[in-house]
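First to last, the protein sequences are chains A, B and C.
Counting along the first sequence from 1, when you hit position 63 you're at 63 in the working numbering, and nothing is skipped either side.
Position in the second sequence (from 1) plus 603 gives the number in the working numbering.
Position in the third sequence (from 1) plus 742 gives the number in the working numbering.
Keep in mind that the hints were calculated from the coordinates and are not lab data.
Take these hints with a grain of salt, some might be off.
[What the hints assert, rightly or not] Calculated lysine to aspartate or glutamate pairs in the EDC-like style (CA-CA distance at most 16 angstroms, straight line): (1) A:LYS309 to C:GLU918; (2) B:LYS662 to C:GLU846; (3) B:LYS731 to B:ASP626; (4) B:LYS662 to C:GLU902; (5) C:LYS908 to B:ASP658; (6) B:LYS649 to B:ASP629; (7) C:LYS908 to C:ASP872; (8) A:LYS561 to A:ASP511; (9) B:LYS662 to C:ASP878; (10) B:LYS625 to B:ASP658; (11) B:LYS662 to C:GLU852; (12) B:LYS625 to C:GLU849.
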Amino acid sequence: MPTVIGIDLGTTNSLVACMRDGVPTVLADERGVKLMPSVISIGEQDVMLVGDLARHRRVTAHDRTVFSVKRFMGRSFEEVKDELHLLPFLVQDGESGPVKISLFNREYTPQELSGFILRELKRRAEKALGQELKQAVITVPAYFNDAQRQATKAAGFIAGLQVLRIVNEPTAAALAYGMTNRDSGTVAVYDFGGGTFDISILSIKDGVFHVLSTNGDTHLGGDDLDEALMEALLPSLPEEAKDDRQIILGVREAAERAKCDLSSEMQTMLSVEVPDKPRIELELTRPQLEGVMAPVIERTRVACENALKDAGLSAGEIDEVLLVGGSTRIPMVRALCAEIFGREPRADLNPDEVVAQGAAVQADILAGGTRDLLLLDVTPLSLGIEGFGGIMSVLIARNSTIPASATEGFTTAADNQTAVVVHVLQGERELAAENRSLARFDLPVDPLPAGLPRIEVEFLIDADGILNVTARDLRTGKGQTIEVVPSHGLSEDEILGMVKAGIEHGREDMDRRWLVEARTEAEIVLNSARKAVAQAREAGFDEDRIKRFEAQLDALDEARKSDDHAVIRAEQQRFNAETQELAGDLMDAAVKRALAGQKLEEA
Amino acid sequence: MAYSKKVIDHYENPRNVGSLDKDADDVGTGLVGAPECGDVMKLQLKISDDGMIEDAKFKTFGCGSAIASSSLATEWVKGKTIDEALEIRNTEIVEELALPPVKIHCSVLAEDAIKQAIEDYKRKREKKGGVQQEETAEA
Amino acid sequence: MVTELAPLSPDLDHFALFGFDRKLVLDSAALDAAFLRLSRECHPDRYAVAEPEIRAVAERNSARVNDAKRVLSDPVRRAEYVLELAGVERPDGEAKCPPDLLMEVFELREKLMEDPGPELVERVLSLFADVEEKLDGLFSRHDAAADDPSRLEALRGIRETLDRRKFLMNLTREVEGTLGKP
Ligand SMILES: Nc1ncnc2c1ncn2[C@@H]1O[C@H](COP(=O)(O)OP(=O)(O)O)[C@@H](O)[C@H]1O
Ligand SMILES: [Mg+2]
């Protein structure tokens, strides 16, 4: 039985997990880190860096780094254009195809970029497990539409993975939870991550996980909190900083750090550090932050209420509330959750890992390992077609258990008409134009007098939540499958082309990759070491000690130029060991300074 | 798709919403409903002696599709003769739109309502004609 | 690994698929149990690593079970489905909707628009309750019918009552919308 991996492909962070001795286990990288930032950066010699290394380059190499790619998956330019001003990279209209994201000297589709993240996770898992891996389960927000799911599946293929299933993130979380808590009951999963919000309500009984309803917002997450905070901070920045792209990026990073600090502290020092620019420091308290975040967090309430309504339940009938996603660490979020459901949410799950763990459980079910669990999920959005007068006519209602199907008869209105236009939509609005247009296709018909052709079209939403269309001519009995390329999606041929390119990429020179990775890592260490030097001087550390440190630093900088990655790594480890003490002292000094609560000042 | 836009416009800004005096001699009223969706529609026509439709009003309780088609139908029939109005088929719209004829029951309502209103008007005329004759006879 | 999977027979109606008689009053626990049994057999998760053709059959079989469950678990959809199976249709043409029903509904809606007072709300809700009760009676009558003619008669009554219910349902929604307003 080949191992199938479970992947949580997040907006902010991604993880890979698999079942080991009956336990869903998140796999760590070489340094023991499980969370991999969903960031991609083009390093030296055009080597694609993914994860932590790339994340560190968000400010220093902002013109070569992209992140939050998941926000663009399966979306049209029209749908994303309003938030582009917040992102430092260029996103262009791909017209009928996916949007194009510029990265250094090339344009990529979101599918390709997500493919890089997936390939890196695959590589990690292969290293951890010591075997080649080909099959995976990938999670998506429950509220993802057909196009977004198809895009995710395509990304998997591009990364050289056979995607056995697309699983909804909250459902996966419930699965991981239910594995260890074998009681029956009704649970609400509140998943608030970096870019998306989902709420799902499930009944769990005798190993059957039955999703009753789901709701959410695919554009609501921690990113929005960071943005809100950044906007609120802008007026208190020094004039000359306001138009500096790099500083603005730095403020964003600092805003996120401060937001996270304030989940456990009551006040913090927000500090913006950009190489070669004066440091900016601002003091921030939790109540201040909460004032900024409240309207954003409040937006999750209505989705919860709708989910309850669709499940036909009142808040009092929920037995457990599970929290998933990094943003549920925010006390205000927990409080809102407790208020909506009238009970304290469970705090014993790891909100970062539980989705990946659930994906691993589902992967094991699919591989034939776990046999006694059954997962029944739903489609989050109603599926329909455009009918008379531009009105959407619903074929499969939201929250229908999937797979689900509907058939609709079609005929012609004019003599010798050779095609009927079918316009497939997803959404809850009455007007077709206000819903997401999934695809528009021509249903071929034989030229006959009007009304004579009888075509039966079957719309089937499969277990991945993806639409499949087949048509049958009732007169001839001839059947055909119709390839539904989602608007702004990739055709099968395009995906195949990218898969090929991916295979090429997979064959790249590993020595070169390791070298670039080692150099990048050394660079990151050097950057923070240089900051440390400045801080040490400022804090009045012994000058001799600083000089010795600087000598070490120069040695690492020299070693960095080597063509042998092993040399660089060894030197870096030596540097880390030798300078650990000073780093510790510096940290202490910084903490003291923060506690002393220095006011708004520029160093 | 220009046509579709026009229909949507009727959906968003329905024309001719309201009532005419249902007891007036020159007004015909049609009341129809679609049990499939529970929509009800009242459509009224004011018709001149020479059979010209001078005014049309409707009141629809139902989905947007029904409202749009009622609005469209009232626009169409104004200025037409009774006979021309009876020719109107909702399939004409569907044809122009090249759209699948789903949810047709809502749009058929308008067609039925026009027919009923004209019948109602004719019935009134006959009755009135009858009464007049009687009156004449008495005189 | 599974190498063979037969499509569910298209000759089975939803009731037969679940192993039930064609009854309008169904035990929901029995329905749930039958649904789970079938789901365990059919769900595509069981065939995820099988050949594409087999996976496609599993998707379709499972969709079939889910579609049937959706219809059977809702009394109104279930009744509509039985009417369809029995070929009971509305009498065509103008008698499609009894004019007095239309008149009643239209007047109620107009009044509701002008003055949604508590009396009117009360009236609409009680009309709806009446129609639900009548429907329940007809369902039992259908299930207990000893012969085809009496079953057909019950079904005709159900057809008419379901239509009335639909109009009143929309009215009730309207009323509840008004009630929901602060
Ligand atoms: N302690 C914390 N307090 C507040 N927010 C946090 C905390 N830890 C992480 N986050 C936020 O959680 C988000 C990432 O959550 P994650 O679940 O990994 O997202 P995704 O699944 O979308 O990748 C980020 O916006 C991050 O700022
Ligand atoms: Mg997540």
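Which constraints among the numbered hints does this structure fail? Numbers only, ascending.
Violated hints: 4, 5 and 9; rest satisfied.
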